[in-house]
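Visitor: Chains as they are written, first to last, in the working numbering: chain E, 1 to 222; chain X, 1 to 222; chain B, 1 to 222; chain Y, 1 to 222; chain F, 1 to 222; chain L, 1 to 222; chain P, 1 to 222; chain Z, 1 to 222.
It should be emphasised that the hints constitute simulated quantities derived from the structure, not laboratory data. What you are looking at is a predicted structure, and each value in this text was computed from that prediction instead of being measured. Hints are supplied without guarantee of correctness; some may be wrong.
Unchecked claim - Each computed SDA-like pair below joins lysine to any residue, with the alpha-carbon atoms no more than 20 Å apart:
#: 1; chain 1: Z; residue 1: K24; chain 2: Y; residue 2: P99
#: 2; chain 1: X; residue 1: K4; chain 2: B; residue 2: P61
#: 3; chain 1: B; residue 1: K11; chain 2: X; residue 2: L159
#: 4; chain 1: B; residue 1: K75; chain 2: B; residue 2: P61
#: 5; chain 1: B; residue 1: K85; chain 2: B; residue 2: Y173
#: 6; chain 1: E; residue 1: K116; chain 2: E; residue 2: P67
#: 7; chain 1: X; residue 1: K11; chain 2: B; residue 2: N138
#: 8; chain 1: F; residue 1: K4; chain 2: P; residue 2: K116
#: 9; chain 1: E; residue 1: K4; chain 2: F; residue 2: H131
#: 10; chain 1: Z; residue 1: K24; chain 2: Z; residue 2: L5
#: 11; chain 1: B; residue 1: K218; chain 2: X; residue 2: Y87
#: 12; chain 1: Z; residue 1: K24; chain 2: Y; residue 2: D49
Said to hold, decoys possible - Examples of chain B residues toward chain L, derived with CB under 10 Å:
#: 13; residue: G86
#: 14; residue: Y87
#: 15; residue: I126
#: 16; residue: A146
#: 17; residue: G147
#: 18; residue: G157
#: 19; residue: A175
#: 20; residue: N188
#: 21; residue: P192
Unchecked claim - Just a sample of chain Y residues kept apart from chain X, beta carbon distances all over 10 Å, derived:
#: 22; residue: S96
#: 23; residue: R117
#: 24; residue: N217
We put the beta carbon where it would ideally sit given N, CA and C, even for glycine.
There are 8 protein chains.
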Amino acid sequence: GFAKLDHQRQKRTGFPEVVFGEGKSVQQIISIISALKQNINRVLATRVDEQKAAEVIDAVPGLTYNPVARTLFWKHEAEPAVLYKGYIAIVCAGTSDLPVAEEAAVTAEAFGASVKRIYDVGVAGIHRLFHHLDEIENATATVAVAGMEGALASVVGGLISNPIVAVPTSIGYGANFQGLSALLSMLNACSPGISVVNIDNGFGAGYYATLIHKNHNKNKID
Amino acid sequence: GFAKLDHQRQKRTGFPEVVFGEGKSVQQIISIISALKQNINRVLATRVDEQKAAEVIDAVPGLTYNPVARTLFWKHEAEPAVLYKGYIAIVCAGTSDLPVAEEAAVTAEAFGASVKRIYDVGVAGIHRLFHHLDEIENATATVAVAGMEGALASVVGGLISNPIVAVPTSIGYGANFQGLSALLSMLNACSPGISVVNIDNGFGAGYYATLIHKNHNKNKID
Amino acid sequence: GFAKLDHQRQKRTGFPEVVFGEGKSVQQIISIISALKQNINRVLATRVDEQKAAEVIDAVPGLTYNPVARTLFWKHEAEPAVLYKGYIAIVCAGTSDLPVAEEAAVTAEAFGASVKRIYDVGVAGIHRLFHHLDEIENATATVAVAGMEGALASVVGGLISNPIVAVPTSIGYGANFQGLSALLSMLNACSPGISVVNIDNGFGAGYYATLIHKNHNKNKID
Amino acid sequence: GFAKLDHQRQKRTGFPEVVFGEGKSVQQIISIISALKQNINRVLATRVDEQKAAEVIDAVPGLTYNPVARTLFWKHEAEPAVLYKGYIAIVCAGTSDLPVAEEAAVTAEAFGASVKRIYDVGVAGIHRLFHHLDEIENATATVAVAGMEGALASVVGGLISNPIVAVPTSIGYGANFQGLSALLSMLNACSPGISVVNIDNGFGAGYYATLIHKNHNKNKID
Amino acid sequence: GFAKLDHQRQKRTGFPEVVFGEGKSVQQIISIISALKQNINRVLATRVDEQKAAEVIDAVPGLTYNPVARTLFWKHEAEPAVLYKGYIAIVCAGTSDLPVAEEAAVTAEAFGASVKRIYDVGVAGIHRLFHHLDEIENATATVAVAGMEGALASVVGGLISNPIVAVPTSIGYGANFQGLSALLSMLNACSPGISVVNIDNGFGAGYYATLIHKNHNKNKID
Amino acid sequence: GFAKLDHQRQKRTGFPEVVFGEGKSVQQIISIISALKQNINRVLATRVDEQKAAEVIDAVPGLTYNPVARTLFWKHEAEPAVLYKGYIAIVCAGTSDLPVAEEAAVTAEAFGASVKRIYDVGVAGIHRLFHHLDEIENATATVAVAGMEGALASVVGGLISNPIVAVPTSIGYGANFQGLSALLSMLNACSPGISVVNIDNGFGAGYYATLIHKNHNKNKID
Amino acid sequence: GFAKLDHQRQKRTGFPEVVFGEGKSVQQIISIISALKQNINRVLATRVDEQKAAEVIDAVPGLTYNPVARTLFWKHEAEPAVLYKGYIAIVCAGTSDLPVAEEAAVTAEAFGASVKRIYDVGVAGIHRLFHHLDEIENATATVAVAGMEGALASVVGGLISNPIVAVPTSIGYGANFQGLSALLSMLNACSPGISVVNIDNGFGAGYYATLIHKNHNKNKID
Amino acid sequence: GFAKLDHQRQKRTGFPEVVFGEGKSVQQIISIISALKQNINRVLATRVDEQKAAEVIDAVPGLTYNPVARTLFWKHEAEPAVLYKGYIAIVCAGTSDLPVAEEAAVTAEAFGASVKRIYDVGVAGIHRLFHHLDEIENATATVAVAGMEGALASVVGGLISNPIVAVPTSIGYGANFQGLSALLSMLNACSPGISVVNIDNGFGAGYYATLIHKNHNKNKID
Ligand SMILES: Nc1ncnc2c1ncn2[C@@H]1O[C@H](COP(=O)(O)O)[C@@H](O)[C@H]1O
Ligand SMILES: Nc1ncnc2c1ncn2[C@@H]1O[C@H](COP(=O)(O)O)[C@@H](O)[C@H]1O
Ligand SMILES: Nc1ncnc2c1ncn2[C@@H]1O[C@H](COP(=O)(O)O)[C@@H](O)[C@H]1O
Ligand SMILES: Nc1ncnc2c1ncn2[C@@H]1O[C@H](COP(=O)(O)O)[C@@H](O)[C@H]1O
Ligand SMILES: [Mg+2]
Ligand SMILES: [Mg+2]
Ligand SMILES: [Mg+2]
Ligand SMILES: [Mg+2]
Ligand SMILES: [Mg+2]
Ligand SMILES: [Mg+2]
Ligand SMILES: [Mg+2]
Ligand SMILES: [Mg+2]
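If we strip away everything but chain E, and leave its shape as in the complex, we get (with noise of 0.2 Å):
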């Protein structure tokens, strides 16, 4: 075939090879999902648009479709959908943010996490955000996503003790650069605890907070 798909990247990584949409062809895309579910139990495409998600669900029984998130996901019925105790917040600066929050959310759920869904919380308005302080607290791990100028994930960062995985999105215009705005100012964050993922990668970011929260000690089966 014309990919090489690789089986082992669960037993190796932690996870099974997640299909990236954004290129391929309906055809591509339905080959390849019909191959992963006879390997693996959850198997995750992103970067779908709507009428290539269309197509592939007619041909691939069982995959739902999230249109925000642009992500088609299926899990094996046996498969049990939330695998860990506690949640991941995920926290979003503007309404426009919500496709890049989203695609974290889905991801963070195709692989057993519970997520906590916090959005439209900017800096514009911080009092927004001071209401959901403790719920952030008591999150595993935090994905912060913001375009603009991306001061969410800092001032995050500065009240919570959690991990923080903030996602860059190319919301903006002018001198926003297509996301290098947010990318810089969260490399650059004044507050410790903050690492990023590239500009618009909802997935990166929670795939990565669930690699930190499977392992949390509040997840732990005693």
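Mind docking chains X, B, Y, F, L, P and Z with the ligands on chain E? Use the hints.
Guide: The following block gives chains X, B, Y, F, L, P and Z with the ligands in isolation, referenced to the frame of chain E:
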């Protein structure tokens, strides 16, 4: 001489010419300051390092040097220190931003404004800022100085109602790119009510805040 | 709902929340505008294209659309159009800068300021600017809009004494880099008394000028 | 004083404030370290050069200096060196990356983590890395430090299952652009399970890895 | 005509002129290919999309179209397909890099080289590469094609002893900056034995590898 | 020798080779100047600092050093200073731009042009420029030198009818990026009739203006 | 009207205002051209696409459209086509650079210069250029148009003695960055006698060359 | 020890490890060279400044220092200087490029290649290059070193038929951006047959050319 002094500037733009000391020799600074003293009542020079300053002070009587702001200032003895009621708030994020914040403060004071200094209140410990919100709100204009990711400007912008002049500083390293990070943050601030001057341009911010300040209702002598 | 509206913003920052239309669906714009109309007397939405605007107007009675500025505006009938004496000057360099200049003008007017429009006075034919200098000087604040090399801001800055809010536009091509050229020019202006907002951010400039304007002595009702 | 120390930081974010020595005078470092010693049991200062360090050590008893990491550390004698079971793996590509790798290691140790150092295992001789894979896999978190093209992070990311904190270094020349090359590589890593901190920010990576480490199942005291 | 064809190029530089199809009209491509067929035995056109290709094929007999590489090729029937012994290895990281890898492969084949294609062996699953090391080592030259962070080139560079021509692709998003990330990686590769061509320049890499290949000892007809 | 002098250059390009002193040792400069003196009547060296210049002057008789322009010049005594009628205007914005303006002036004079220097006429005090407009208009070509935002070139360009050679200088700080700001301004000038040379390239501008000057009608010896 | 036409421009700068068609509506172009025709004898509009051009030609009698240059031109019938003796040479590197080269040519011709077109003589087949050297040398000024790496300008610069106006084009891909590569090449040309205009600015180059041309000795009517 | 030497590298990649001297202490260089001398017959160290070199030579017998290339070299007395027939051509544009050209030359010679040096043949005086074309054409590979605009690589690329390794140098100033200009030129060269290494990476180019050279037909011992 080598320079064409702009003696009409005060009439035209409200404030007299200010000497930019960087790259000028001691002799040049002395001769420009001396010439300006003949024509105007308040003479300011910025970016003058400690060693040059000592030599200029020896040659020109009546100058005050501020070693943090790196400024020389002289005013005619008949001239009052403060010309307007009310004050400008100058906030800065960290102790490393002090030279820029002080350049702004000294510039504002040089032109007759009162200043309240609220320093080291960066968002890594945001409670420090909240202790001073009323003081900032009651100013006629606010200068917000920050390096690294420059989030302070956005946070202040979401909390107060007077115009904010944001100054990115070159404090930081790596992906900070000599202040680019804070500059982009401030230009992309999600809170409105913020305008921006050049990286490390404390002078420009102090000058601009004073332009706003001198015409504020609060300062009107009824 | 999908968004957390910030109804206290007017109390906190002096002006109510403004709807940023870019990337929002017609339904989202309608529902946000409708919600805001319940709470505040002046509702502004920016970056709404002609087609979306027609649909929103159909759904929400009383809105005015400005096709150059691409803004929707509504005010309560009891609310006066103009709230302050005096005016803001809005100058722009070329006819291509009009949409940005108008966004600034409409924003200022939405919040009760009077505006004088002085358009197409770029430095390629500088005499056109000189015909309007007195008008600009008598404003309480000036918004200077220019693309290409953005020299207009520096020239105006050397000639008048009120605070200038400079807006770089993305007009140009090649080494203009979508407005970077004008942005850098304005940040490095050799004239003081200039502060800068993001590329194409007419809204931000109009908002900022109005913050200055509403507290100006000239506008005080004695 | 010139600085507002943030004594609540440990309560809020899990770890106490760390002194960033760059740009601080010997007197400032001495006074901040002394103040912190009154309040907390573990005091760390980073970016302190050899000469400053000697003067600070003379003035403050009980400090240890690490000349490669350029750190000063003090802990109360009652405080145990190691607080958690398990360890953090710190891998670096070349000998020139050592200062950054050591800053990460010392930071993690300062906050009670054990560290395994696996240095000079860059991809030019990839077999060197393979000799240590089990050791890395068994860590709770991995810090991967690399300059030049930063490929080490991607390679490690494809081979192990714990979360990787990648630190680009400024080692290189020409089109390296002071670490930009490695930074972009790490942000665009084709392997998931990688998050990134600022160029040369060993401190941030060590801090972040310890945040993960201290809550890891493996470290739970049953 | 509109173009000055360079019929001496083969004599001067070893290979005839190749038609760069991007931005050329169907008519221009037809007329250039037809002219070249009069003078040389092997005619190649790159960057020709499917629709244009169909029209050109209709007009010029004997052309072969490769839809992945987007190339048109014709050779005189008397001309043998393969001119040299041995082969060039072409490795690529992911399935999205295929068009660039195929452009390199087709170019090499057009000029008489044999090619071994080793695709989808990126470092996220590095064992896939190891299965093919001997095949790569036995080539006379290797073309390494990769997007995202481009680590594949460095890894291959540390493992084999023939010259590697690295081609960064524009595959990626966010801080990838249209291939800048992979380009910088490859220029800064810590392994020597790597040289680099422009982003997405499969043609250039295939051409260059064939320049090396045709003079290789292994290919000498004794 | 280490260099291949280009003795035919004058025949080919109108002017002889000029020595670029930066990075050359005193010995190299002496030997090149001495060799050129054998062949041509006018020898110019640029970018020679004061200390090197002193040593070169000691070794080679008849050289003149201009410490602001940092140039060494020699002409054969039989050679007239001025070769053409009319003059080149050289305008600069601030006193810090003088070294670049003088490099242009000295280069033009070295090749036989007359020069009018109109310095410190930047747009912050634009009336200073207006006093000199006739003088500039009557030149055969104008060199416009400016740092910071480089607006001077656009303003002059809108007011005069001879060709302008614009030279951006690296004067400025912060978002000036070592002259990038002025360079982009000049390339994007809204006035036509402006062409641009490299940042700080006074030599190139003086040379280019003299190329225009020597063939100007005004300079024809009837 | 929406625009302030600059009818004095011809008097001030030697040539009348030229209409920049990009971003203007058909109605705007028609009304500006019509207004200019009242006042000046030669009217030029650039960047007008084929469709707009057809509509403008329908509305305004006497216009000529050049579909490669994308220009509209009208001159009064009493006005001679050529106003000066001699000619400007316009050289370009490849056939893709034609639109820019033609924009330069049409602009020069619009203002009365004769032009020799020497196209497709890029350095990949440098002998093509050598065939035309005398023709270029005998021009009064040369416009050199090139994309990709822009080496043509340097090569021509080392071979001829009239002033060269270099125009980088945006032709290329990948690390070309929309013409940045050629722009930097031309600004850093090792041959003197070259000045540069903006990327793709054929108009500016044609205009500038004509400014030089019209005052050239060769063109003097004795 | 602090470093993991890679003694298998010669077996794996054809050439032994080379010491990169920059940033290494004299002691480190001595200990690495000494260790390598035990295992391999040809030891090369690059980027060693004159002062360090003197100290290393004192400690390690048999080293040769090349002060222009800044290299140290040792070979076992039984080892012949030249291992292959034929030669590599190394051309450079200007005298300032010599250190990089020599680094390439010394590296090639260290690994047994013969080298022809053709220096100071930049395109400003292109006839100098033409005198040497046959010599370049007869090489097995060509290294082309150039700073400023780097046009030399394109010109050579259009004239000869062996593979060219292009090395951009950081020679230049202003918009050269430390070699970025030449780097982009070489990546965008309109002539094929060119590949590129990092800015100033003479070592990489010499190494790569030798990889090609040692397997060239011409060099085969029949
Ligand atoms: N620290 C500063 N940063 C930016 N501009 C300054 C500063 N200090 C003075 N200036 C400006 O520089 C101008 C004087 O420049 P100069 O003629 O070189 O002394 C003054 O009119 C001020 O507008
Ligand atoms: N090497 C380092 N790199 C980045 N941040 C650091 C470093 N060392 C300490 N810090 C941070 O800098 C803060 C202290 O800054 P300051 O108040 O200037 O001493 C601490 O709270 C740390 O979060
Ligand atoms: N200040 C300068 N800036 C740019 N180029 C210069 C300068 N001075 C001389 N040159 C050019 O550098 C060439 C000589 O370079 P070189 O062979 O290194 O001495 C001359 O032919 C001039 O064209
Ligand atoms: N001048 C140079 N430029 C780039 N890489 C070099 C240079 N000299 C040596 N190297 C590479 O650097 C590696 C050694 O790095 P290190 O282990 O730090 O000594 C060698 O294997 C070479 O591949
Ligand atoms: Mg919101
Ligand atoms: Mg602090
Ligand atoms: Mg106009
Ligand atoms: Mg090593
Ligand atoms: Mg794959
Ligand atoms: Mg001045
Ligand atoms: Mg061609
Ligand atoms: Mg030379």
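Visitor: If a hint holds in the structure, say so; if it doesn't, say that too.
Guide: Going through the hints against the structure:
1. With a C-alpha separation of about 13 Å, the suggested pair K24/Z and P99/Y falls inside the 20 Å cut-off, and the hint holds.
2. Of the pairs offered as hints, the one joining K4/X and P61/B is violated, with about 60 Å between alpha carbons and a cut-off of 20 Å exceeded.
3. Proposed proximity of K11/B and L159/X is supported: the alpha carbons are some 10 Å apart, at most 20 Å.
4. Of the supplied pair hints, the one linking K75/B and P61/B holds, its CA atoms being roughly 11 Å apart against a limit of 20 Å.
5. Our distance criterion of 20 Å between C-alpha atoms is broken by K85/B and Y173/B, whose separation comes to about 40 Å.
6. Only pairs whose Cα atoms come within 20 Å are accepted, and K116/E paired with P67/E is accepted, the gap being roughly 19 Å.
7. At most 20 Å may separate the alpha-carbon atoms for a hinted pair to count; K11/X and N138/B meet this at roughly 14 Å.
8. With a C-alpha separation of about 16 Å, the suggested pairing of K4/F with K116/P holds against the 20 Å cut-off.
9. Of the supplied pair hints, the one linking K4/E and H131/F holds, its CA atoms being roughly 12 Å apart against a limit of 20 Å.
10. For a cut-off of 20 Å, the pair hint linking K24/Z to L5/Z stands: about 15 Å separates their Cα positions.
11. As the CA atoms of K218/B and Y87/X are separated by approximately 19 Å, the hinted pair is consistent with the 20 Å bound.
12. Restraint check: the Cα-Cα separation between K24/Z and D49/Y comes to about 18 Å, which is no more than 20 Å; the hinted pair holds.
13. Interface hint status for G86/B: violated, as the beta-carbon distance to the closest one in chain L is roughly 26 Å, over 10 Å.
14. Given the 10 Å rule on beta carbons, the hint for Y87/B is violated: about 24 Å separates it from the nearest Cβ of chain L.
15. With a cut of 10 Å, the hint placing I126/B at the interface with chain L holds, because the nearest CB-to-CB distance is about 5 Å.
16. Nearest Cβ of chain L to the Cβ of A146/B: about 8 Å, under the 10 Å cut. The hint holds.
17. Annotation: interface hint on G147/B holds; nearest CB of chain L at approximately 8 Å, less than 10 Å.
18. Below 10 Å, beta-carbon pairs count as interface contacts, and G157/B has one with chain L at about 7 Å; its hint therefore holds.
19. With 10 Å as the threshold, the beta carbon of A175/B comes within range of chain L, its nearest partner Cβ sitting at about 4 Å, so the hint holds.
20. Proximity of N188/B to chain L holds as hinted, the smallest CB-CB distance being about 4 Å (cut-off 10 Å).
21. The closest approach between the C-beta of P192/B and any C-beta of chain L is roughly 8 Å, which is under the 10 Å cut-off, so the hint is satisfied.
22. Listed as outside the interface, S96/Y is consistent with that label: its C-beta sits roughly 16 Å from the nearest C-beta of chain X, beyond the 10 Å cut-off.
23. Consistency note on R117/Y: stated as away from chain X, and its beta-carbon is indeed over 10 Å from all of that chain's, at 22 Å minimum.
24. With a closest Cβ-Cβ approach of about 30 Å to chain X, N217/Y is found to remain outside the 10 Å limit, as its non-interface label requires.
In this structure, the earlier hints numbered 2, 5, 13, 14 are contradicted, and the remaining ones agree with it.
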